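Q: Sequence:
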Amino acid sequence: MGGVSDGTGGPTGPGVRASGDGGPWTAVLAVEDARGEGPEQQRSPYRAMSDAERSALWRQRLHEAEAGLTRYLVSRGDELHLTDWFVLQSELFADLPEPDAPAVEWQRVFFRDQALMERFLVLRHGEEVLADWARSNAEVYREVEPDHGRGAADPIHRIARQAELYGSDYEFDDDAAPGPERAALTITHCAIWDYRERARRSGVRLTLASPCTYCTEALSANIRAKGYLPAHRLTHSPTGHGCRWESATATATTDAAPAESPTAAATATATDEPGES
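Start counting at 1 in the sequence shown, then tack on 490, and there's your number in this note's numbering.
Everything labelled a hint here was simulated from the structure, so no lab data went into it.
The model shown is predicted, which means the values in this text are computed figures rather than measured ones.
Built from N, CA and C at the ideal position, the CB exists for glycine as well.
Fair warning: there could be bad hints in the mix.
Unchecked claim - Here are the in silico distance ranges between beta carbons for each label pair:
| hint | residue 1 | residue 2 | range |
| --- | --- | --- | --- |
| 1 | V694 | A542 | 21 to 29 angstroms |
| 2 | E633 | F576 | 20 to 28 angstroms |
| 3 | D541 | R690 | 37 to 45 angstroms |
| 4 | A740 | E633 | 16 to 24 angstroms |
What the hints assert, rightly or not - With a cut-off of at most 25 angstroms between alpha-carbon atoms, the simulated SDA-like pairs for lysine to any residue come out as follows:
| hint | residue 1 | residue 2 |
| --- | --- | --- |
| 5 | K716 | P701 |
| 6 | K716 | R632 |
| 7 | K716 | H553 |
| 8 | K716 | V577 |
| 9 | K716 | A674 |
| 10 | K716 | M539 |
| 11 | K716 | S565 |
| 12 | K716 | Y536 |
Let's have the full structure, built from the sequences with the hints guiding it.
A: In structure tokens:
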């Protein structure tokens, strides 16, 4: 899996093609031979992510969140108390692991910092600003997440990689492989909920009652930032909390639901957990 950013905005690994005009760069992924792969590997292809790849994705996600927060706070003008912001930054970057530290160390820092940033925003501006922060983060994501050439499937693969970081149970749809026009992923058990409870028990202060409050905004914004239309549905079953995500082009959305406008079809959210999205 070449082309994973190291969190600085540049790609790492083999198969990376740089843009000659300073524009977005593209990670050229090798075509994998599916012969010999079992159904589970095809539906959950990131089980074999290396520890270094996992660390790199945690660092990239931290970069997206912190740079997005900086960008958002600047957009608010002179409302920011700089001393408060400097204190938060010192907390965010305290005790950083070494670059080659195990992924679990970068996971710890990411989760701590995510909680710190959520609390910073919510205490000052309320939960309603989380959507604005998510959109700001998505602009950073748009620049640092490479284009793998898979169209609408690219942001869905990113969701799969994030699910893998937490150890969530997830699978691509059986009926159609992710394609450039439309792609979908179902998380049957979201391990973010498990991780949050372990963190809570270890003393991490959690601001939000549900991770879905921010997560659904963030993933939707990421899909839009790449130029596609998102749709999601939250689920709850005996296997735990979960969700289903779709990414599609406007044309594919129109073809699938001609009676609705593409925007309405993509942004409408069905949930069997009222209040969690």
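Q: Next step is simple, just say for each hint if it's right about the structure.
A: Structure-based check of all given hints:
A hinted range of 21 to 29 angstroms holds for the C-beta pair V694 and A542, which are about 25 angstroms apart. The given range of 20 to 28 angstroms is respected by E633 and F576, whose C-beta atoms sit roughly 25 angstroms from each other. With their beta carbons about 26 angstroms apart, D541 and R690 fall outside the hinted range of 37 to 45 angstroms. Checked against the given bound of 16 to 24 angstroms, the beta carbons of A740 and E633, roughly 22 angstroms apart, stay inside it.
Annotation: proposed proximity of K716 to P701 holds, straight-line Cα distance about 23 angstroms (limit 25 angstroms). A distance of roughly 6 angstroms separates the Cα atoms of K716 and R632; the hinted pair therefore holds under the 25 angstroms criterion. In summary, the hint linking K716 to H553 is supported, as the alpha carbons are separated by about 18 angstroms, within the 25 angstroms threshold. Our distance criterion of 25 angstroms between C-alpha atoms is broken by K716 and V577, whose separation comes to about 33 angstroms.
For the suggested pair K716 and A674, the alpha carbons sit about 15 angstroms apart, so the restraint of at most 25 angstroms is met. Restraint check for K716 and M539: the C-alpha separation of about 23 angstroms stays at or below 25 angstroms, so the hint holds. Of the pairs offered as hints, the one joining K716 and S565 holds, with about 21 angstroms between alpha carbons and a cut-off of 25 angstroms not exceeded. At roughly 21 angstroms between alpha-carbon atoms, K716 and Y536 fall within 25 angstroms of each other, so this suggested pair holds.
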